[in-house]
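Enquirer: Throw the hints in and build the complete structure from the sequences for me.
Number of protein chains: 2
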Amino acid sequence: MSHSETDHPDTVVGAAGSGAVADPAVRAELTRLRESIDNIDAAVVHMLAERFKCTQQVGRLKAEHRLPPADPEREARQIARLRNLAENARLDPAFAEKLLNFIIAEVIRHHETIAGSGGTGE
Amino acid sequence: MSHSETDHPDTVVGAAGSGAVADPAVRAELTRLRESIDNIDAAVVHMLAERFKCTQQVGRLKAEHRLPPADPEREARQIARLRNLAENARLDPAFAEKLLNFIIAEVIRHHETIAGSGGTGE
Chain A
606 MSHSETDHPD TVVGAAGSGA VADPAVRAEL TRLRESIDNI DAAVVHMLAE
656 RFKCTQQVGR LKAEHRLPPA DPEREARQIA RLRNLAENAR LDPAFAEKLL
706 NFIIAEVIRH HETIAGSGGT GE
Chain B
606 MSHSETDHPD TVVGAAGSGA VADPAVRAEL TRLRESIDNI DAAVVHMLAE
656 RFKCTQQVGR LKAEHRLPPA DPEREARQIA RLRNLAENAR LDPAFAEKLL
706 NFIIAEVIRH HETIAGSGGT GE
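The listed protein sequences correspond, in order, to chains A and B.
The first sequence begins at 606 in the numbering used here and counts up by one.
The second sequence begins at 606 in the numbering used here and counts up by one.
Rather than coming from a laboratory, the hints here were simulated on the basis of the structure.
Check before you lean on any hint, since a few could be wrong.
Each pair may be met inside one copy or between any two copies, as identical chains are not told apart.
Claimed, not checked - Computed list of lysine to aspartate or glutamate pairs in DMTMM-like fashion (alpha-carbon distance at most 20 Å, straight line):
hint	residue 1	residue 2
1	LYS658	GLU640
2	LYS658	GLU692
3	LYS658	ASP697
4	LYS658	ASP628
5	LYS703	GLU678
6	LYS658	GLU678
7	LYS658	ASP643
8	LYS658	GLU634
Expert: Structural data, given as C-alpha cells:
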C-alpha cells in the first residue's frame, strides 16, 4: 500500500477525505504539514517565474550576439552541480537531474513558441 | 531558430560555447544571468528536499491512522491555487500544473519504493 500526499485518484482506498479525519490531533498535524507543502510549492512557483525571466534574457542576449543557443559543457556542469546539491540535501540526485531536464524542456518550448511567432528569444 | 539557456545538444548550431564569447560585456552579462539561474536552481532543489520530508511525514501519518492515501479534493485545491499563484507571477499556469504533477509522480514513486520494501510510507 502506498501512502502519499498526492491525492492520486487511482490510489483512493476509501471514501474519507482529509475532512473526515476524526482525531483532532491527527487532523491538526496533517493540516500543519499541508500548510508547509503549500508554502514550499508557492516558493518554487515564484522561483521558477524568476528563472524563466533569466532564461528569456539569456535567449535574447544569445540571439542579439549570434551565440549558439546550446552549450553542452554548461549543461553538464549544471547537472553535476545539481546532483551534488541534491545529495547533500538528501534529495534523490536522479530526481534533481530529471527536474532540471523537465524545466529545460519548458524553456525550449517557450523559445520555440517565441520563434514560431517571429521573435528572437525575447 | 530557438534560443534557450538549455544547452540542449540537439540545438547546437556552432562549435562555440559560452567560453568563446568574444565581447567581455556580453560574457559578463551571460555569467551574471547564469549565476542567477544557478542560485534559483539551488533554492528549488533545497525547497523540494524539504517538501519530500513533509510528504514522508504525511505518508507516515496516513499509514498510522489508516487514512486513505489519496484525497482528490485536496489535489484539486492544490492545482487551482498553484495555477492562480503562477498567473500572478506571470508563469504559465499550465506549466505550474505540470510541475505539480511531476513532483506528485515522484512522491508516489517514493512511497511505492517504500511499500515494495515492506514499509508503511515512512
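Enquirer: So which hints don't hold here, by number, going up?
Expert: 4, 6
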